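Chains E and U, in that order, are what the protein sequence lines are.
Numbering-wise (this note's numbering), the first sequence opens with residue 1 and increments by one.
Numbering-wise (this note's numbering), the second sequence opens with residue 1 and increments by one.
These aren't lab readings, by the way, just hints derived from the structure by calculation.
Each hint should be verified, as a subset may be incorrect.
[Claimed, not checked] To give an idea of the interface, some chain U residues facing chain E are shown, with a C-beta separation under 10 angstroms as derived from the structure: (1) Asp8; (2) Glu16; (3) Ser653.
[To be verified] Label pairs and their computed distance ranges (CB to CB): (4) E:Asp52 <-> U:Ala388: 39 to 45 angstroms; (5) E:His82 <-> U:Glu81: 21 to 27 angstroms; (6) E:Leu42 <-> U:Ser2: 17 to 23 angstroms; (7) E:Asp64 <-> U:Asn554: 31 to 37 angstroms; (8) E:Arg81 <-> U:Gln562: 31 to 37 angstroms.
Computed from a predicted structure; not experimentally measured.
Just so you know, even glycine gets a beta-carbon here, dropped at the ideal spot from N, CA and C.
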Amino acid sequence: MEGPPVGSQSIPVSENASCNFTVTMDDAGSSSPAVAKLRKLLFRRMLIGVNDGRYFLGLFHCIDKQGNIILQDAVEYRSARHSAPPTEQRCLGLILIPAACWSSCQVDCSIDEKMSLLCLE
Amino acid sequence: MSALEIMDPKMDSGIERSQYNSIEEAIEDGVAPIPLSMDRTLDVQCSIDVMDHLFSCEATWHKGHTLAQTVFTCIYLMRMERTSSHAVLNSFCRILRATCNAIISVVSTARTHEEEDLFTMSFGLPLRDEGDDKCLSILNSVEETISRQLRACKAQAFSKKKTPEDLESLQNNPDMEEDYCRAMLCRLRFRKHFYHVVMSMRKPHGRGLELARKHVASCLTELSLMLKSREFLKSQSNITLQDDENCTTASGCQPVGFDVSLNSRLLSPTPPRAVKVLSWSNAIRYFEKLLHDLDVICALSLDPVLENVLRFIVQFQKSVPDLVPRAFLQTLLVQDGKLYGQNLFSDVISRALSLPDIIGDKEFQMNEFVVQLGQLVINLLKILCTNAAWQRRKLGKSLQDWSTISIQLELALKREFGETRNVLHHENMCMRVSKQLLIWTQEQAYWVASRFLTLGFELDLYSPGEYCMVYWYMYVVFTKLIEKMQLRVLSSSETSRRKGKKKKDHSKDSVRDTTFSSSCLLLQCYVLLSEGLSMMLAVLRNESRSFQLPSIFNSEQERFMQHFDLLQKARVPEHISYYSFKESSSQAGITDLMKYNFFREIQKIIPSLRGSFASQPEKLAELRQIEQVAEHNRIALNIISQVGPDDPSMRVSFEFTHHPHFAVAVVKRS
Numbered sequence: 001m002e003g004p005p006v007g008s009q010s011i012p013v014s015e016n017a018s019c020n021f022t023v024t025m026d027d028a029g030s031s032s033p034a035v036a037k038l039r040k041l042l043f044r045r046m047l048i049g050v051n052d053g054r055y056f057l058g059l060f061h062c063i064d065k066q067g068n069i070i071l072q073d074a075v076e077y078r079s080a081r082h083s084a085p086p087t088e089q090r091c092l093g094l095i096l097i098p099a100a101c102w103s104s105c106q107v108d109c110s111i112d113e114k115m116s117l118l119c120l121e
Numbered sequence: 001m002s003a004l005e006i007m008d009p010k011m012d013s014g015i016e017r018s019q020y021n022s023i024e025e026a027i028e029d030g031v032a033p034i035p036l037s038m039d040r041t042l043d044v045q046c047s048i049d050v051m052d053h054l055f056s057c058e059a060t061w062h063k064g065h066t067l068a069q070t071v072f073t074c075i076y077l078m079r080m081e082r083t084s085s086h087a088v089l090n091s092f093c094r095i096l097r098a099t100c101n102a103i104i105s106v107v108s109t110a111r112t113h114e115e116e117d118l119f120t121m122s123f124g125l126p127l128r129d130e131g132d133d134k135c136l137s138i139l140n141s142v143e144e145t146i147s148r149q150l151r152a153c154k155a156q157a158f159s160k161k162k163t164p165e166d167l168e169s170l171q172n173n174p175d176m177e178e179d180y181c182r183a184m185l186c187r188l189r190f191r192k193h194f195y196h197v198v199m200s201m202r203k204p205h206g207r208g209l210e211l212a213r214k215h216v217a218s219c220l221t222e223l224s225l226m227l228k229s230r231e232f233l234k235s236q237s238n239i240t241l242q243d244d245e246n247c248t249t250a251s252g253c254q255p256v257g258f259d260v261s262l263n264s265r266l267l268s269p270t271p272p273r274a275v276k277v278l279s280w281s282n283a284i285r286y287f288e289k290l291l292h293d294l295d296v297i298c299a300l301s302l303d304p305v306l307e308n309v310l311r312f313i314v315q316f317q318k319s320v321p322d323l324v325p326r327a328f329l330q331t332l333l334v335q336d337g338k339l340y341g342q343n344l345f346s347d348v349i350s351r352a353l354s355l356p357d358i359i360g361d362k363e364f365q366m367n368e369f370v371v372q373l374g375q376l377v378i379n380l381l382k383i384l385c386t387n388a389a390w391q392r393r394k395l396g397k398s399l400q401d402w403s404t405i406s407i408q409l410e411l412a413l414k415r416e417f418g419e420t421r422n423v424l425h426h427e428n429m430c431m432r433v434s435k436q437l438l439i440w441t442q443e444q445a446y447w448v449a450s451r452f453l454t455l456g457f458e459l460d461l462y463s464p465g466e467y468c469m470v471y472w473y474m475y476v477v478f479t480k481l482i483e484k485m486q487l488r489v490l491s492s493s494e495t496s497r498r499k500g501k502k503k504k505d506h507s508k509d510s511v512r513d514t515t516f517s518s519s520c521l522l523l524q525c526y527v528l529l530s531e532g533l534s535m536m537l538a539v540l541r542n543e544s545r546s547f548q549l550p551s552i553f554n555s556e557q558e559r560f561m562q563h564f565d566l567l568q569k570a571r572v573p574e575h576i577s578y579y580s581f582k583e584s585s586s587q588a589g590i591t592d593l594m595k596y597n598f599f600r601e602i603q604k605i606i607p608s609l610r611g612s613f614a615s616q617p618e619k620l621a622e623l624r625q626i627e628q629v630a631e632h633n634r635i636a637l638n639i640i641s642q643v644g645p646d647d648p649s650m651r652v653s654f655e656f657t658h659h660p661h662f663a664v665a666v667v668k669r670s
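Here chain U stands alone, though its shape is the one from the complex (with noise of 0.2 angstroms):
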């Protein structure tokens, strides 16, 4: 019986912890004075404090945790229109919020957060008002005052005479006029610049994206002064002992105007989260971060070529980025199903095809498989867009979709155009064009169930006794996912060479072989990585005893359905099964594994890729793993024959400290 336990306080969010039953009790007893304070220095102290607090709730909220335990703990933010007196804290919190509004929208557009947490509901929150389309306007002219506050004690401070002051200053301390100007300014600049961040990363078609990143790189500028701030701050408190990592102010003072359990019922009556605010530094980390992810995807140089896409999105999740960063990027790319919002799938589609011909044709476009392959694509960028974990379960129940496409695209082939072959000029057309998307599905399955198998090693899912069956796997994807480009390029080159091309094409042409016989290469060099750690595990096995599965529980059949399940339901790649690893695993051998030399292979071709990526940084560090990966297991695979792989003396383990994906094997004689 699911019985909500009362007065617990992990199942009841209701319990009276707070002195107060609600918010007006609170402000009537003086939790959230307007002004903070009648000394207008510790006013401008608190105010600052207030700010801190609410960036450090900011960020926390982005982590994922609700509204109501983060942000709009501020009883401020609750009763804005109590604010309306102070100016400062009236435009920091009305901006904030109208951000807070923002991000909410964006993330809802998404629709992955339910797997991250940040709660998108609000739950009775006073998130809108109509004031707040004005909030810029209102924070400007607050940051124009005290710019010229700034402005003023600065000359006052050079002229060394008492000017006349028709302008009243910040606070009443002449010494510390300066720092507290500075100190709140770069508090407001910074919720400006991140308001424009949002707004303009929002516009459709990516219109905004070079204006997001001068004003990405202007928040970046404020929070390193906000940072500066932070000892001015901390030497005007009266605290002495603050600890860094645990205060949520630059100051180390607590905040005023905030409760905790105000809000408690105003979350769902499912059990409470207890929520530890971020420290103020880990906040600023978290901003930064954000900030630089952000600022790639507004280096996107909306490519309609979906290769570059695909490369794109799998880099950018090199970083790990977080939820929002993460959500811009899926609400960018595919927008009123397209592209960009500009683009038709069918239209990136026929791209990816290498036929330029049909790009607009629209029989092309209203070809059932065709719509079918769009929505797929699109589901398949949403996919990548999420965290590894939801990621690698939706791309592997994906598996099946790609599976069942290509299936019935082949009997449409052979039913079409079955064994004839006196054919008319337009049904060869016709004929070629659906080959090719037969062709294109079966790779993008093969690439979707690449990505599937080396996500696992990020997940950290595979035991070093199941990296022999899981390597062996990922050599015959990467080998079919060869294959499969190969013919794709090889069919579009001769229905080109066939129509006669003219000069202009040929440049284009020979830059897109550039690109293909190196992304080709780079597969090749995977396939040769795979295959050589497959084979040396398999013949450690099979003469040392060592990386065998424990047979208590599961076999090591059972082991291999559990990896490849999906893999093997949606016939990726057909005709493979356990007996096939099992054959070719028991039959490895040093001598053979010597004479195949997997690893100097892969260095054989590494100088030529070095060049044709010379000019992407990304790729070229890519390589240089790869390069030392299969340098030290060359050395290892010497010794270990050397040595013999059945001597009792020599432990290898394998690491993955030079590539995320392929190990090293690391040995040890003792």
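Chain E extracted, bound-state conformation (with noise of 0.2 angstroms):
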């Protein structure tokens, strides 16, 4: 998992999360576990890191089979200087973050839940 540790405990969601997610969905809406587990972590607090060096945090809105993200209520973070961490920050309201963009992620959850998803490696 890559990025500075916020203070929350990250949960591994890779990049190829695209593999990870083999959504079967049946007539009645019902899908995979993985799915599922990622479904009980919307509109948590995500902090999205992208490859130019940016940060964004927002509450967790939706995701899709790609692995595009959006978010709520988002802000991003920025550093003045290539060395030190993220200072600057603005206020961006709803972001969708394409797949190809964002290395990292990381969401707001507690140790339980964190030890529930390991298993989705």
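Build the complex: two chains, separate frames, hints provided.
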């Protein structure tokens, strides 16, 4: 899991997220256990690291099969210097981060949930 | 769902595009060195490049972009304190910043900029500093130094002997000293004079206009000197292939110290716009036009006669001025709710009513209708100073206000003076004033309607199939306008006749009468042109079935409503509907058209008008245009009647080759 720890512990949602989610939806709309676990993480605070070095903190609104993520009330964090930690922030609102652009992802959740999510790998 | 897509350059203004995360990082890496070069000659060359690029950025900003993406992409400007050791750059940056501030305040006061995107929001840019008040004196001292250097090197060239140099030269190469000094001086002087123009024009009550004119002339001189310096600067740079139309500096070199993306997050989170900085040649052209437009405004005579003010604005708008001169004009005309900051609008209205005795009359000033009308006139002046599209939209909407007030005036008149015939003298005066006010208000409403209709031609809003109805409506509106004008002047002369005029007022009267009669005659020309064109189009449609409107989506009636809905709702004029138009146009026949021969009537009026307009070149120019239109249309009409309007080999098109509003018929035989 890349990126600096932010206080809450991270769950491993890796770059090849798409191959972890084999979505098999039947008519009733139920899906695989992986998707169900991800559903539980909806609307939690999520921190996403983007390829150019910025971070976005927002509420996890939705994700699709390809791994594109939408965050609500997002705040952008960037560093004023290459070596320094991110300090400047800017409010953006509703944003879409394409799958190809994000490199790291952390969600606020308790330790128990972490344990249960570990078996996602 | 409208989510901003991250890493999409059109939506994400914060993409880390620059190799620097902050200005400090860029400075540390030497992006904006002070001095610009250790070699003094190179330092001068680079400083001139920075000045030129800032000049182009300033023009780009005026044209409609944010400060952060134009002028403030300059790191020297963002960290002004670093330049304190470099006198030339420091003084230039300071006065540029002070000028930008002044322009922002004028445009913000005028409040029409949201339509045109000269963003006045600075989003945290360092726009102000205590040192800026002294920017002029700093600049003057730098200018003085360089002037002395120029004089010294010219003296040396003449004397051809080495004089003891107690004065340090601008740069190292003595052969180029004179040219570099000149190039530097004209740029500094342009900034100084432009600053003076802006500050003088901001003075209230139009006090600084004459001084501003002098500085405008100096600015234009310095601009031409800047253009002249280009050849020398290009020869000194080592760029061989120089694309004149794209480079933002005179020399063609890229300037140091600019980074476009460092400020990108100082914009609002809305999608960023790509900004292409104007080329240096286009920037010069922009400033030349700007200065000419400002010069026209400075020549304003502060005439309190409303009719003349309206005419001035309409004439000024013909040159399509940009936002900055229009903002200056508007802030000059309307200050503190008074005309030029000096004349109360109630006095302006009473003068317009041709009732000189009530100027300054307190009861008149306090009258609720007069107060409302004053506000309407203020709005009208502000609207007329905006760009054509915005102007037309707002004029159309304001028609309702004018119409409402005239209805209220009419009702009040009936209520107060009703059917009574035996009135006291005082009440008689009141009634006359009220009647005059009503007539004047109606006249203004028709004036606004006529401007609304003619602006449609400038904005290309009418298709050829609609010209017939547009000219018909114009004919109706112009006729009503003349009617109201004549009523107004008639009742004012009646009033003065009853009171017994003194001798000295007769000359003023005759002057007013001639101007009035010439305005009337000009309007009569408009009426004849509109009527003639409308009838010609109707005949062509009736007899040859050309100029029909395609009826697949909209019927002609729907088109009529689309164009004239605002006028109809405001009942300007009353009792006019699509059916009136249909009736008159369906009866149009070629014999009637030849019988009335509107275009020949115009040619009869023009000679007398030419006499009265002898001293007014713009009026004479329009008269020539009208003459051309009338003549060409008369000839076209003759051809059409000879050949027969239903001849299939004949094709008639309408072009605006002579007058922007009145088309000329072009007949082609195949």
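Structure-based check of each hint:
{"no.": "1", "hint": "Asp8", "result": "holds, 8 angstroms"}
{"no.": "2", "hint": "Glu16", "result": "holds, 4 angstroms"}
{"no.": "3", "hint": "Ser653", "result": "violated, 51 angstroms"}
{"no.": "4", "hint": "E:Asp52 <-> U:Ala388: 39 to 45 angstroms", "result": "holds, 43 angstroms"}
{"no.": "5", "hint": "E:His82 <-> U:Glu81: 21 to 27 angstroms", "result": "holds, 24 angstroms"}
{"no.": "6", "hint": "E:Leu42 <-> U:Ser2: 17 to 23 angstroms", "result": "holds, 20 angstroms"}
{"no.": "7", "hint": "E:Asp64 <-> U:Asn554: 31 to 37 angstroms", "result": "violated, 44 angstroms"}
{"no.": "8", "hint": "E:Arg81 <-> U:Gln562: 31 to 37 angstroms", "result": "violated, 59 angstroms"}
Checked against the numbered hints above, the structure breaks hints 3, 7, 8 and satisfies the rest.
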